[in-house]
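Novice: Put together the whole structure using the sequences plus the hints.
Residues in the sequence shown are numbered consecutively from 5, following my numbering.
It is worth saying that the hints were derived from the structure and are not from the lab. Keep in mind it's a predicted model, so treat the numbers as computed, not measured. Backbone N, C-alpha and C define an ideal beta-carbon position, used for all residues, glycine too. Hints may be right or wrong, so weigh each one.
[What the hints assert, rightly or not] Simulated restraints on C-beta separations:
(1) Thr37 <-> Lys76: 37 to 43 Å
(2) Gln46 <-> Asn91: 25 to 31 Å
(3) Gln109 <-> Lys75: 20 to 26 Å
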Amino acid sequence: NHQSLIPELLKLARLKVEYDFEILKQKDSRFITENDRELIFQKCRDAETDRIVITHGTLTMPDTARYLGQKKLDKTVVLLGSAIPANKDKSDALFNLGAAIIAVQLLPHGVYIAMNGKVINWDNVRKHKGYFEEENPIYMDLNYLLLRNELKRSPVYQRLGYKEFVEFFKKTRQKPSEA
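Specialist: Dropping the structure here:
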């Protein structure tokens, strides 16, 4: 069992936001089980805060994000990992941690992954050739709207909800020849 590198990364980040830190698991993500995911969900659900950042191994991070997203927590949860471990040269860990900390403060309730300079919704993420990307790029436009917090004010969004709004958004963005 090794010591977590996260406290040192938080110190390096020179944060000026309040936070609590808890070690839940230190386990290779290849070996994370549904019971582990349920424990993560319970900890998120029972947390006093509604803004949570979770460090996670990249191999199964989309699976955990999907598990949490399907639970429809009334909280903002951002998962992150690193392609290169935090204790190695040229690690992306500090960058991804910073991105996740900013994202959790700005995004509406939902589950997201912050990796590779992107913040991606739990239900639209895949790992491809070592990078995280959107399964459907249309969500990139939606993420921009979410960050600007305009989507929630949209009468169409308020009437339809997120999933139906995505379908509406896709249809209205099609070229006439695609319709």
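Novice: None of the hints should be skipped; say for each whether it holds.
Specialist: How the hints compare with the structure:
| no. | hint | in the structure |
| --- | --- | --- |
| 1 | Thr37 <-> Lys76: 37 to 43 Å | violated, 22 Å |
| 2 | Gln46 <-> Asn91: 25 to 31 Å | holds, 30 Å |
| 3 | Gln109 <-> Lys75: 20 to 26 Å | holds, 22 Å |
Violated hint for the displayed structure: number 1, the only one.
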